[in-house]
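As given, the protein sequences belong to chains A and B, one line each in that order. Residue 369 is where the first sequence starts when you use the numbering used here, and the numbers rise one by one after that. Residue 602 is where the second sequence starts when you use the numbering used here, and the numbers rise one by one after that.
What you were told as hints is all true, and nothing was included just to trick you.
What the simulated footprint calls covered on chain B by chain A, stretch by stretch (three residues with Cβ under 8 Å from a Cβ of chain A suffice, anywhere in the stretch; the number is not a length):
#: 1; segment: 641-647
#: 2; segment: 698-710
As a list, the in silico DSS-like pairs of lysine-lysine whose alpha-carbon atoms are at most 27 Å apart:
#: 3; chain 1: A; residue 1: 382; chain 2: A; residue 2: 409
#: 4; chain 1: A; residue 1: 432; chain 2: A; residue 2: 388
#: 5; chain 1: B; residue 1: 604; chain 2: A; residue 2: 409
#: 6; chain 1: A; residue 1: 432; chain 2: B; residue 2: 703
#: 7; chain 1: B; residue 1: 653; chain 2: B; residue 2: 604
#: 8; chain 1: B; residue 1: 670; chain 2: B; residue 2: 703
#: 9; chain 1: B; residue 1: 703; chain 2: A; residue 2: 409
#: 10; chain 1: B; residue 1: 604; chain 2: B; residue 2: 670
#: 11; chain 1: A; residue 1: 388; chain 2: A; residue 2: 434
Derived from the structure by calculation, the hints contain no laboratory data. Backbone N, C-alpha and C fix where the C-beta goes; we use that ideal spot for every residue, glycine too.
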Amino acid sequence: GAVVSQHPSWVICKSGTSVKIECRSLDFQATTMFWYRQFPKQSLMLMATSNEGSKATYEQGVEKDKFLINHASLTLSTLTVTSAHPEDSSFYICSARGGRNQPQHFGDGTRLSIL
Amino acid sequence: DAKTTQPPSMDCAEGRAANLPCNHSTISGNEYVYWYRQIHSQGPQYIIHGLKNNETNEMASLIITEDRKSSTLILPHATLRDTAVYYCIVSHSGNTPLVFGKGTRLSVIA
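One chain only, chain A, in its complex shape (with noise of 0.2 Å):
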């Protein structure tokens, strides 16, 4: 079945600095990405659409500025979380629709630590 691959699994860092999460598809092309934050005990909240070639649409409550995505592929979204704070700590998780009537498939999100 498609397959979603996000890296890394797992990343700390201070905080003021950035981090980029990048989320392919392996075996399908993805004209459309997704991407969602999860809180511990919380559900997944989208936070954003990454479109291949366009601007990415965010939610509401999302900062663009702060949450850069880029689509720049039909296997690839990044997503770059500017000057990270420790309120930013998550779980990031994308997903792509494998394909007209296939379901969507997820990654197996970014655990985020800022210190």
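Given the structure of chain A, go ahead and fit chain B onto it with the hints provided.
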């Protein structure tokens, strides 16, 4: 907001069938019912989806009522590894993002 209602938690004995209900009374004619599960500290795993007809695959069966206002996910022989949060989601096909509710925390007990 999520358009589904699920019980917050359920227990199931190992080896027995786990039947997870979901209410989606406002589902529209072209929306599908999707089921995913999330094991701790992993991304959600696709289980099954359907539009009107019942569906079965190697993981589970999906029973959708005739009026489509509710559905049941059936894990025929639950194992300890099926312990997870199960999410029922209604959504259009195509590139519509999935909106997650709180799901049902299924605990399979030995």
